[in-house]
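Residue numbers (numbering that gives the first Met the number 0), protein chains in the order written: chain A, 0 to 409; chain B, 0 to 409.
What the hints contain is simulated information worked out from the structure, not anything from laboratory work. Beta carbons are placed, not taken as given, at the ideal position from N, Cα and C, and that holds for glycine. Treat the hints with care, as some may be off.
Some residues of chain B that are not near chain A, with every Cβ distance over 10 angstroms (derived) [what the hints assert, rightly or not]:
#: 1; residue: 94
#: 2; residue: 160
#: 3; residue: 186
#: 4; residue: 233
#: 5; residue: 251
#: 6; residue: 257
#: 7; residue: 272
Quick look at which bits of chain B chain A covers, simulated, 3 or more residues with Cβ under 8 angstroms [what the hints assert, rightly or not]:
#: 8; region: 14 to 23
#: 9; region: 331 to 343
#: 10; region: 381 to 391
Example chain B residues on the side facing chain A (calculated, C-beta under 10 angstroms, incomplete) [stated by the list, open to error]:
#: 11; residue: 11
#: 12; residue: 29
#: 13; residue: 36
#: 14; residue: 44
#: 15; residue: 58
#: 16; residue: 211
#: 17; residue: 227
#: 18; residue: 280
#: 19; residue: 285
#: 20; residue: 295
#: 21; residue: 303
#: 22; residue: 305
#: 23; residue: 307
2 protein chains.
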Amino acid sequence: MRADVLAIGTELLLGQIVDTNSSWIGEQLAAVGIDTMEHRKVGDNLGRMVAAMRAMLDAADAVVVCGGIGPTQDDVTRDAIAELMGVELERREELVEHIASLFGTRGRDMPQNNLRQADVPRGADVIPNPIGTAPGIRAEIGAKVIYAVPGVPYEMQLMVKEHVLPDLLARSGEAAVIVSRSLKTWGASESGLAEMIADEVEMQVNPTIAFLARGIEGIVVRLTAKAGTTEAAWALIEPAEARLREILGDLVFAVDDETMEHAVLTRLEARGWSLGVAESLTGGLIGARIANVPGASRTFRGSVASYATEVKRSVLGVTAEQVVGKESAGQMAQGAQRVLDADVGIAATGVAGPDEQDGQPVGTVWFALALPGLPVEAVSTRLPGDRERIRQFSTISLLNILRMRLDALP
Amino acid sequence: MRADVLAIGTELLLGQIVDTNSSWIGEQLAAVGIDTMEHRKVGDNLGRMVAAMRAMLDAADAVVVCGGIGPTQDDVTRDAIAELMGVELERREELVEHIASLFGTRGRDMPQNNLRQADVPRGADVIPNPIGTAPGIRAEIGAKVIYAVPGVPYEMQLMVKEHVLPDLLARSGEAAVIVSRSLKTWGASESGLAEMIADEVEMQVNPTIAFLARGIEGIVVRLTAKAGTTEAAWALIEPAEARLREILGDLVFAVDDETMEHAVLTRLEARGWSLGVAESLTGGLIGARIANVPGASRTFRGSVASYATEVKRSVLGVTAEQVVGKESAGQMAQGAQRVLDADVGIAATGVAGPDEQDGQPVGTVWFALALPGLPVEAVSTRLPGDRERIRQFSTISLLNILRMRLDALP
Numbered sequence: 000m001r002a003d004v005l006a007i008g009t010e011l012l013l014g015q016i017v018d019t020n021s022s023w024i025g026e027q028l029a030a031v032g033i034d035t036m037e038h039r040k041v042g043d044n045l046g047r048m049v050a051a052m053r054a055m056l057d058a059a060d061a062v063v064v065c066g067g068i069g070p071t072q073d074d075v076t077r078d079a080i081a082e083l084m085g086v087e088l089e090r091r092e093e094l095v096e097h098i099a100s101l102f103g104t105r106g107r108d109m110p111q112n113n114l115r116q117a118d119v120p121r122g123a124d125v126i127p128n129p130i131g132t133a134p135g136i137r138a139e140i141g142a143k144v145i146y147a148v149p150g151v152p153y154e155m156q157l158m159v160k161e162h163v164l165p166d167l168l169a170r171s172g173e174a175a176v177i178v179s180r181s182l183k184t185w186g187a188s189e190s191g192l193a194e195m196i197a198d199e200v201e202m203q204v205n206p207t208i209a210f211l212a213r214g215i216e217g218i219v220v221r222l223t224a225k226a227g228t229t230e231a232a233w234a235l236i237e238p239a240e241a242r243l244r245e246i247l248g249d250l251v252f253a254v255d256d257e258t259m260e261h262a263v264l265t266r267l268e269a270r271g272w273s274l275g276v277a278e279s280l281t282g283g284l285i286g287a288r289i290a291n292v293p294g295a296s297r298t299f300r301g302s303v304a305s306y307a308t309e310v311k312r313s314v315l316g317v318t319a320e321q322v323v324g325k326e327s328a329g330q331m332a333q334g335a336q337r338v339l340d341a342d343v344g345i346a347a348t349g350v351a352g353p354d355e356q357d358g359q360p361v362g363t364v365w366f367a368l369a370l371p372g373l374p375v376e377a378v379s380t381r382l383p384g385d386r387e388r389i390r391q392f393s394t395i396s397l398l399n400i401l402r403m404r405l406d407a408l409p
Numbered sequence: 000m001r002a003d004v005l006a007i008g009t010e011l012l013l014g015q016i017v018d019t020n021s022s023w024i025g026e027q028l029a030a031v032g033i034d035t036m037e038h039r040k041v042g043d044n045l046g047r048m049v050a051a052m053r054a055m056l057d058a059a060d061a062v063v064v065c066g067g068i069g070p071t072q073d074d075v076t077r078d079a080i081a082e083l084m085g086v087e088l089e090r091r092e093e094l095v096e097h098i099a100s101l102f103g104t105r106g107r108d109m110p111q112n113n114l115r116q117a118d119v120p121r122g123a124d125v126i127p128n129p130i131g132t133a134p135g136i137r138a139e140i141g142a143k144v145i146y147a148v149p150g151v152p153y154e155m156q157l158m159v160k161e162h163v164l165p166d167l168l169a170r171s172g173e174a175a176v177i178v179s180r181s182l183k184t185w186g187a188s189e190s191g192l193a194e195m196i197a198d199e200v201e202m203q204v205n206p207t208i209a210f211l212a213r214g215i216e217g218i219v220v221r222l223t224a225k226a227g228t229t230e231a232a233w234a235l236i237e238p239a240e241a242r243l244r245e246i247l248g249d250l251v252f253a254v255d256d257e258t259m260e261h262a263v264l265t266r267l268e269a270r271g272w273s274l275g276v277a278e279s280l281t282g283g284l285i286g287a288r289i290a291n292v293p294g295a296s297r298t299f300r301g302s303v304a305s306y307a308t309e310v311k312r313s314v315l316g317v318t319a320e321q322v323v324g325k326e327s328a329g330q331m332a333q334g335a336q337r338v339l340d341a342d343v344g345i346a347a348t349g350v351a352g353p354d355e356q357d358g359q360p361v362g363t364v365w366f367a368l369a370l371p372g373l374p375v376e377a378v379s380t381r382l383p384g385d386r387e388r389i390r391q392f393s394t395i396s397l398l399n400i401l402r403m404r405l406d407a408l409p
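One chain only, chain A, in its complex shape (with noise of 0.2 angstroms):
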């Protein structure tokens, strides 16, 4: 079976926005065993988009199309698939008021065009789009067949899960239900993980494994199943699933999509204790990252950005000389403690560049934790990369270190 994707917009081939649908999309139909060979991008016109959907069928089993189905005139994409098929577009009277119901719901007028919306080619099915305007359709055109679903990311996604990928691989004879499980790991490069699981990612079938790199968000480990019901594929994922947590152990810091931070915080809460930051090659980085889970503050208390020297000495009460070092460290997250009130301190201090400090050289960072009741420790590392990357990898390698500390903790 093999699927390829067609991006409808000339706003991508203008370079106005980033086409993130068909990367995405590939990345779906290789999770499930399905090849992707071509994507391409046309603009708004339809000449060249039904050229493009013919060739691409031709080559192809199935050919997802994304965009163009909008309540715009240049929306085209159904007008394109109705003269591919050789028949009309007809209105479909559920499909109006499905959207003249999500209108009133919304208490605005909905204007005339977004009528265009509830044309649909003869013979050709429609997609359902439970969260926006735009039905996607399924046409058959001989044994091949073309989706259409909405350039919008979070409705494309939807409806690719939901509807598109069950339909390719039902008619590739595949057990139709796909459920998958992302293993987040920080600490390991891809290679490294790659060979302490080589055993399981040798004898791969069902589940499949794969490794997605996310820079500063560390490597994912995905697993991926396909089954004919939730609950056969979901049986398939865990003692695949516990395989693996068993060999990665503490390298896994959270799962689909929970982050770093949120991780971080879950433990805090669970323990009842609050948190105070001190930064300074960062500057702020830590506690905005902190602060981006909502609800954060019931655990976070603040965090000083010591940028100078003296803002260290007279706010965090740092007397160390040398200001990126371990002692500093450590008298900063002190210092957070104490002056955010806060029951554990963090602190990161290093030389982000693009100049060394103090003779010590750029990507030197130190890292501190205040524990309640526990003597502060403090631990360096040399991180690589420019100014940005260096302090980016500091927050989230700070985070952490926190975790895996209280994971530790009795």
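Knowing the structure of chain A, use the given hints to seat chain B on it.
Coordinates of chain B only, in the frame set by chain A:
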């Protein structure tokens, strides 16, 4: 003149990397008035690459191929072009020397694989790569032309700007030097800007005027001019830029690569003033953004992210009962001035959501400025969007308010 884009790489189809190169090239082509009507992605497969190149050259006057010119066995763009031309690859001695010298300067042994990058289809031209080992290729195919450029964005961009675009313009009989100037604006919508400069847009020929929406970085008004020489191109830009600046006034916060935080720091440094920040809903974002500028330490003292109400009181000395309000914002700015020993204190406090706070709706934000020898000033706004967007917009809005206030000082 029509130039289409072909991106090469199996990792692009599988969604391991998002193809941003073709968007970037599309934007550049549009800026100089060259049409681009179809972009494709194919994997590292010789047969499919040749087929795609052939089909695309049928439809367009030129094709820009990105990627597949690295040193590994699966980099076969060179071979694909040779096959398309019906010629053999030949090793170019000057390229062998260039590649070896790059390895020499970097003090590493050269893997023999890298010599593959010295192979060029017989009869094709080499496009120099001053910053990497992968030379580009230009090949005439009948009356059409194909360019191969690296997939590494920075190397690709340099090659496209310096060689591909001028060559395409020369072929279309147009002036071959292109320069552009980006006026970065904050505070007006795209339609608002379009209305303000409608007359300029109406009469645009050379330079052209384009709007680029950059999300939390505002909206860019970009002028692009073509001429026979760099001097002549700038001479076209200058009067047009002057007219736009007169109309846009202080909406323009920076030009080209300058950022808002850089604009603010430059103004403060010119007055010899240091900066301290007090934040609440942003949790550290404002400080983090300022600290991202190399050399920020000359001006930036630090930031207190007082997330908990008690921290606003104990650290910053806020006495106002309502923590999201005019009085509280003002006291935070003065607290930042005092606690961080800064000449200028700025503050933001507001409701990022998801829940309202003290009866104030999500999106309510107060900003305050404390400047040397002046009474503290505060303004409020109501920002749209979700939690993340409200926090990001608060950050840039506060920096912009400070920029405009500094410009208004004698």
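* Given residue 211(B) was flagged as interface, is its beta-carbon under 10 angstroms from a beta-carbon of chain A? -> Constraint on residue 211(B) satisfied, holds at 7 angstroms.
* Is the shortest C-beta separation between residue 303(B) and chain A less than 10 angstroms? -> At about 6 angstroms, which falls below the 10 angstroms cut-off, the nearest Cβ of chain A leaves the hint on residue 303(B) intact, so it holds.
* How does the coverage statement for the region 14 to 23 of chain B fare against chain A, requiring three or more residues with Cβ below 8 angstroms from a Cβ of that chain? -> holds (count 9)
* **Restraint check, 10 angstroms cut-off on beta carbons, for residue 280(B) near chain A** => holds (7 angstroms)
* Using 10 angstroms as the Cβ threshold, decide whether residue 29(B) counts as touching chain A. => OK, holds: residue 29(B) within 10 angstroms of chain A, min 5 angstroms.
* Hint check, residue 36(B) versus chain A [nearest Cβ-Cβ separation less than 10 angstroms] -> holds (6 angstroms)
* Within 8 angstroms of chain A's CB atoms, at least three CB atoms from the region 331 to 343 of chain B: coverage verdict -> With 3 residues close enough to chain A, the hint holds.
* **Verdict on residue 251(B) as a residue remote from chain A, using beta-carbon distances over 10 angstroms** => holds (21 angstroms)
* To do: Take a quick look at residue 272(B) and tell me if its Cβ sits farther than 10 angstroms from every Cβ on chain A, holds or violated.
  => holds (14 angstroms)
* Given coverage of the region 381 to 391 of chain B by chain A, tested with a Cβ cutoff of 8 angstroms and a minimum of 3 residues -> Per the Cβ count (3), the hint holds.
* Against chain A, with CB atoms and a cut of 10 angstroms, does the hint on residue 11(B) hold up? -> Holds, because the Cβ-Cβ distance from residue 11(B) to chain A comes to roughly 7 angstroms (cut-off 10 angstroms).
* If you take the shortest Cβ to Cβ gap from residue 307(B) to chain A, is it below 10 angstroms? -> For residue 307(B), the interface hint holds, since the closest Cβ of chain A sits about 5 angstroms away, which is under 10 angstroms.
Against the hints set out earlier in the document, a violation occurs for number 17 only.
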